[in-house]
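So the sequence lines, in the order shown, correspond to chains A, B, C and D.
Residues in the first sequence are numbered from 712 upward in steps of one, following the numbering used here.
Residues in the second sequence are numbered from 13 upward in steps of one, following the numbering used here.
Residues in the third sequence are numbered from 13 upward in steps of one, following the numbering used here.
Residues in the fourth sequence are numbered from 10 upward in steps of one, following the numbering used here.
Treat the hints as calculated values from the structure; they're not laboratory data.
Please note that the accuracy of each hint is not assured.
Listed next, the stretches of chain A that the computed footprint assigns to chain C, with coverage defined by at least 3 CB atoms under 8 Å from CB atoms of chain C [claimed, not checked]: (1) 753-759; (2) 831-844; (3) 874-883.
Sample of chain B residues at the chain C side, in silico, Cβ under 10 Å [as the list claims (entries may be wrong)]: (4) 17; (5) 23; (6) 42; (7) 82; (8) 83; (9) 84; (10) 92.
For lysine to any residue, the following SDA-like pairs were computed, each having C-alpha atoms within a straight-line distance of at most 25 Å [said to hold, decoys possible]: (11) D:450 to A:955; (12) D:74 to D:605; (13) C:23 to B:63; (14) B:23 to D:74; (15) D:412 to D:322; (16) D:74 to D:539; (17) B:53 to B:38; (18) C:32 to A:955; (19) D:71 to D:570; (20) C:32 to B:38; (21) A:840 to B:53; (22) C:32 to C:13; (23) C:23 to B:82; (24) C:72 to B:63; (25) A:810 to A:955; (26) B:72 to B:38; (27) B:53 to C:30; (28) A:752 to A:868.
Backbone N, C-alpha and C define an ideal beta-carbon position, used for all residues, glycine too.
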Amino acid sequence: MAELPLIGNYSEPEQALSDARIGVVTFPGTLDDRDAARAVKLAGATPVSLWHGDADLQNVDAVIIPGGFSYGDYLRAGAIARFAPMMSKIIDAANSDAKLPVLGICNGFQILTESHLLPGSMIKNDHLKFICREQVLTVENNTTAWTNEYAQGEQIAVVLKNQDGQYVADEATLDALEAEGRVVVRYEGWNPNGSRRNIAGITNEFGNVVGLMPHPEHAVEAGFGPDHTGTDGLRFFTSVLTNLVSKTAGAAK
Amino acid sequence: MPRIIVDVMPKPEILDPQGKAIVGALPRLGFDAFSSVRQGKRFELTVEGEVTEAILAQAKEAAATLLSNPVIEDVVNVEVQD
Amino acid sequence: MPRIIVDVMPKPEILDPQGKAIVGALPRLGFDAFSSVRQGKRFELTVEGEVTEAILAQAKEAAATLLSNPVIEDVVNVEVQD
Amino acid sequence: MTSFNIDTVENAAATPDVDLPWAELGLKQNEYDEIVKLLERRPTAAELAMYSVMWSEHCSYKSSKVHLRQFGDKVTEDMKKDMLVGIGENAGVTNLGDGWAVTFKVESHNHPSFVEPYQGAATGIGGIVRDIISMGARPVAVMDPLRFGAIDHPDTARLVHGIVSGIGGYGNSLGLPNIGGEVVFDSVYQANPLVNALAVGVMRHEDIRLANASGVGNKVVLFGARTGGDGIGGASVLASESFDDSKPSKRPAVQVGDPFAEKVLIECCLELFKNSLVEGIQDLGAAGISCATSELASNGDGGMDIELTSVLLRDPTLTPGEILMSESQERMMAVVSPENIEAFEAVMDKWAVEYSWLGEVTDTGRLIITWDGQKIVDVDPRTVAHDGPVYERPYHRPEWLDKVQADTFRSSEAGSNLPSTGDELRAATLELMASPNMCSKAWVTNQYDRFVGGNTALATPDDAGVIRVDEETGLGVALSTDCNGRYAYLDPYTGAQLALAESYRNVATTGAIPMAVTDCLNFGSPEDPEVMWQFAESVRGLSDACLELSVPVTGGNVSLYNQTGTTPIHPTPVVGVLGRFDDVARRTPSGWRENADGQAIYLLGV
Ligand SMILES: Nc1ncnc2c1ncn2[C@@H]1O[C@H](COP(=O)(O)OP(=O)(O)O)[C@@H](O)[C@H]1O
């Protein structure tokens with residue numbers, strides 16, 4: 712019998728499989744922190760709850776900024792959250808030599824663009840409505856810290872749900888993203904929100920910071936995601952473990 | 013080309029959750045001079061050619077019907093900007 | 013009490029889905045005078061007491077950092093209103 | 010603090026002949042006389058405000074009470090065995106086993122949604138979710154049975170788009186999956202759209218909280234949003250309570266929801282429950298502080314002292330009576346023992362939720378409210394919360410019903426026009442499929458988050474929503490809401506039974522065992538004897554059917570006066586059924602699965 716955790720804190724005994732510790736940030740208004748923590752656990756790592764107002768990263772090996780409506784998203788999605796003390800730490804760690812892996816999902820992606828860790832921005836969906844659907848994506852870059860377990864060009868089904876999901880950037884930025892292979896995933900088929908060049912997710916130049924509009928953490932358990940069977944999202948979370956292991960191995964050399 | 017600016021604000025007696033979120037965030041960023049914030053909308057309507065009385069009247073009516081919700085919002089300003 | 017008005021508009025080169033929806037709706041309601049519409053935000057910051065240079069500077073900085081996102085928006089106006 | 014000419018208890022006793030605006034506040038002469046009798050003097054302005062809102066149809070169920078009793082009377086021991094908390098609390102609580110309990114309830118926000126569709130629907134979700142929190146539960150899902158007017162009526166688009174985006178805008182921001190609902194178009198609902206909202210929550214048995222104030226000396230705290238003039242626009246006559254014409258009296262008629270504030274309130278309450286920091290808790294909905302103080306006090310040790318100037322205000326011009334009536338959203342009231350004050354405040358500070366201490370629990374049997382130390386309310390809280398008027402309204406079967414019932418498909422002229430050729434059948438099929446009541450509801454459900462939380466095992470397009478409660482065992486619940494108002498119009502007794510039967514079937518077909526019922530009874534004016542008959546028959550039908558199927562009604566809501574002029578809506582008793590799964594992995598989706606080749610198809614039933 713399991714208790715529901717208060718916030719993104721699955722205070723289970725630490726997993727034996729991997730001693731990787733993945734931080735999950737909770738802001739006031741964060742919604743998917745428990746889901747992100749569950750995904751981390753299913754991937755075999757230990758989720759660590761990070762509170763927006765704290766400034767201690769608790770030695771985590773990677774960080775997930777989950778979806779939701781931080782501060783209600785009344786001003787602009789992610790605009791206020793970006794200034795939280797925890798975000799300053801994350802920004803520094805992501806830019807440091809250690810290149811902390813950071814995954815921003817939905818509102819997390821918006822926070823990453825507001826923080827200038829990723830270029831561009833999100834505006835309202837072109838149809839102006841909230842949209843929730845099962846979404847097929849094409850993996851365009853399988854070399855990032857968060858996508859190395861996918862095949863290049865693989866199509867995966869995850870969940871999409873947002874109101875401000877239209878990715879925009881100026882043409883020069885878009886061209887640069889394409890040229891440098893920094894588009895990580897693209898919407899397959901119908902473009903659900905008007906995003907430039909069907910972009911659903913991008914990475915920074917080092918591949919450690921990834922922002923995604925769709926939600927892989929809602930596709931990690933058979934029966935509770937797309938079409939009741941999909942677990943295509945789980946490899947985002949196992950990828951980062953692979954990345955951490957290879958980093959450790961690299962360091963040991 | 014001339015533009016007509018329409019400003020719409022939440023009615024003073026109505027809760028403005030957006031302004032509330034901002035006024036909470038400002039002091040955390042060191043902006044301590046503001047006791048309250050309200051967030052409204054600004055529309056810029058572009059007119060081809062001259063802004064006649066009739067066109068201004070149209071803008072005012074559009075402001076009162078489509079651009080604002082009179083149950084919760086006030087049109088605080090309609091003005092021509094060249 | 014004096015207020016500082018901050019107006020923020022989507023950058024001209026960025027598509028504005030709300031403005032686009034409005035410009036589509038206007039003619040259906042008989043408002044045919046407008047060739048384009050853009051929707052931005054208007055903030056009213058209330059100041060207790062006088063608006064000093066320092067407070068105005070705070071408002072300008074808040075406008076540029078928190079109230080707008082320079083990637084997609086421009087601050088088009090910061091002004092004091094009594 | 011603004012100063013008013015305060016109408017104190019002392020003043021009321023000394024000036025028995027002052028005219029009070031009781032009629033404008035919706036009280037009848039006999040009701041006002043009853044208040045004077047109970048108090049043995051005229052009420053103060055503040056007392057009048059409290060009685061008028063608490064004795065309204067909406068809060069007191071004065072027309073429906075005598076019928077609703079059947080839900081409590083027609084129950085067997087077997088039906089009661091899983092009921093941990095029955096009707097009367099904010100929401101009933103049902104035992105799920107393994108130490109888990111579930112609470113659910115459906116409520117209406119019909120009229121506010123007609124006036125301001127987005128905010129009306131949004132605050133409808135907000136209100137029902139707070140009901141669930143106030144039981145000590147974590148809300149885990151919402152549903153929204155909706156009824157609109159004709160799809161081609163000019164006002165329908167305003168209502169549909171506003172209401173759907175309001176429900177989505179609020180529910181999505183709370184992180185609560187929307188797992189089902191209804192969308193029905195029928196011109197009878199033209200100026201009376203029905204916006205019913207259901208919420209379900211889960212908790213451990215030991216976390217069940219009740220709305221009562223016990224423990225003399227325990228402190229009473231109001232937390233969440235500040236109190237504004239919301240929802241008292243209609244009662245602006247109260248401005249006269251200050252007996253002072255100079256007061257500005259701009260009171261908003263509509264409430265604006267702040268889902269972010271509510272989300273924070275949810276998390277903050279859950280943390281309070283987890284650390285056992287509150288003794289009793291009550292959400293603030295209709296009748297605001299009047300309701301919260303009088304219900305908490307009368308359900309507890311019977312007394313409470315409150316200093317009203319301690320309430321944090323959004324609008325400093327509010328008078329005491331207005332503060333007591335305000336329906337500002339996203340507020341809760343709790344009773345906290347003195348040793349927990351510090352810990353309580355730490356949780357509030359963590360979530361940046363505003364709070365203020367208003368007073369304490371006493372054993373005087375009186376609810377005493379002061380304004381800056383001056384006594385403005387001194388009542389027996391039971392008389393406000395529970396002893397409101399009860400009416401046995403006259404009712405009779407409408408004469409037109411025989412004619413309507415006689416007009417069956419077979420007996421009518423239309424019978425001879427039944428489609429028979431291939432082309433006719435094709436046309437009829439297409440017409441049915443294109444009907445807004447039959448076609449895909451994806452244009453609605455695509456605007457609702459059904460995945461958040463990661464526990465949704467079934468949602469649209471299935472017959473019932475299914476939510477996992479315990480991640481280790483798979484224990485979970487199934488929920489469906491149903492009603493066909495046209496059936497209820499033809500025969501309210503059977504129509505209500507059919508609503509239950511449909512909902513029960515929808516839950517059962519997913520594989521769950523139906524356990525409990527909630528209902529939202531949407532009807533026209535109780536002052537119309539024909540409507541009253543529809544109501545009485547529906548309640549009789551539903552309660553008989555519940556007895557027959559052995560599922561208890563654990564809570565619900567009555568919405569009356571849904572009519573335009575003398576034309577009422579169809580009787581619309583929306584019924585929600587909750588079922589239990591020992592493991593949601595066993596849920597059966599509707600529709601053919603892949604690899605269905607060779608599977609047999611059966612039609613069950615008559
Ligand atoms: N207002 C609504 N909110 C959420 N879900 C809805 C709503 N209306 C319909 N649905 C869902 O859409 C699906 C199809 O609805 P409907 O066509 O009414 O189904 P049925 O005819 O089988 O009862 C169901 O899963 C139902 O719960």
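Hint check results:
Counting residues of the stretch 753-759 of chain A whose beta carbon lies closer than 8 Å to any beta carbon of chain C gives 0, which falls below the threshold of three, so the coverage claim is violated. Coverage of a stretch by a chain is defined here by at least three residues with a beta carbon nearer than 8 Å to that chain's beta carbons; for the stretch 831-844 of chain A and chain C the count is 8, and the condition holds. As drawn, the stretch 874-883 of chain A meets chain C at 4 residues by the rule of a beta-carbon pair under 8 Å; at three or more, the given contact holds. The closest approach between the C-beta of residue 17 of chain B and any C-beta of chain C is roughly 8 Å, which is under the 10 Å cut-off, so the hint is satisfied.
The interface hint given for residue 23 of chain B is violated, since its Cβ lies 13 Å from the closest Cβ of chain C, which is over the 10 Å cut-off. For residue 42 of chain B, the suggested interface contact is upheld, since its CB lies about 8 Å from the closest CB of chain C, less than 10 Å. For residue 82 of chain B, the suggested interface contact is broken, since its CB lies about 15 Å from the closest CB of chain C, more than 10 Å. Below 10 Å, beta-carbon pairs count as interface contacts, and residue 83 of chain B has none with chain C, the closest being about 18 Å; its hint is therefore violated.
The beta carbon of residue 84 of chain B is not positioned within 10 Å of any beta carbon in chain C (closest approach about 15 Å), and the interface hint is therefore violated. Because the beta carbon of residue 92 of chain B sits about 12 Å from the nearest beta carbon in chain C, more than 10 Å, this interface hint is broken. Taking the CA atoms of residue 450 of chain D and residue 955 of chain A, the gap is about 45 Å. The hint is violated against a cut of 25 Å. Restraint check for residue 74 of chain D and residue 605 of chain D: not satisfied, since their Cα atoms lie roughly 51 Å apart, outside the 25 Å limit.
Only pairs whose Cα atoms come within 25 Å are accepted, and residue 23 of chain C paired with residue 63 of chain B is accepted, the gap being roughly 24 Å. Taking the CA atoms of residue 23 of chain B and residue 74 of chain D, the gap is near 39 Å; set against the 25 Å cutoff, the hint is violated. Among the hinted pairs, residue 412 of chain D with residue 322 of chain D is inconsistent with the structure: their alpha-carbon atoms are about 57 Å apart, more than 25 Å. Restraint check for residue 74 of chain D and residue 539 of chain D: satisfied, since their Cα atoms lie roughly 17 Å apart, inside the 25 Å limit.
Between residue 53 of chain B and residue 38 of chain B the alpha-carbon distance is near 20 Å, which keeps this suggested pair within the 25 Å criterion. Distance hint between residue 32 of chain C and residue 955 of chain A is unfulfilled; the C-alpha atoms sit about 46 Å from each other, more than 25 Å. Our distance criterion of 25 Å between C-alpha atoms is met by residue 71 of chain D and residue 570 of chain D, whose separation comes to about 13 Å. With a CA separation close to 31 Å, the supplied pair residue 32 of chain C and residue 38 of chain B exceeds the 25 Å bound.
Note on residue 840 of chain A and residue 53 of chain B: the hinted pairing holds, with a Cα-Cα distance of about 18 Å set against a maximum of 25 Å. Among the hinted pairs, residue 32 of chain C with residue 13 of chain C is inconsistent with the structure: their alpha-carbon atoms are about 36 Å apart, more than 25 Å. Taking the CA atoms of residue 23 of chain C and residue 82 of chain B, the gap is near 28 Å; set against the 25 Å cutoff, the hint is violated. A distance of roughly 31 Å separates the Cα atoms of residue 72 of chain C and residue 63 of chain B; the hinted pair therefore is violated under the 25 Å criterion.
As the CA atoms of residue 810 of chain A and residue 955 of chain A are separated by approximately 11 Å, the hinted pair is consistent with the 25 Å bound. Straight-line distance between C-alpha atoms of residue 72 of chain B and residue 38 of chain B comes to about 34 Å, which puts the hinted pair past the 25 Å bound. For the proposed pair residue 53 of chain B and residue 30 of chain C, the alpha carbon gap of about 11 Å is at most 25 Å, so the pair holds. Restraint check for residue 752 of chain A and residue 868 of chain A: the C-alpha separation of about 20 Å stays at or below 25 Å, so the hint holds.
Violated hints, listed in ascending order, are 1, 5, 7, 8, 9, 10, 11, 12, 14, 15, 18, 20, 22, 23, 24, 26; each of the other numbered hints is respected by the structure.
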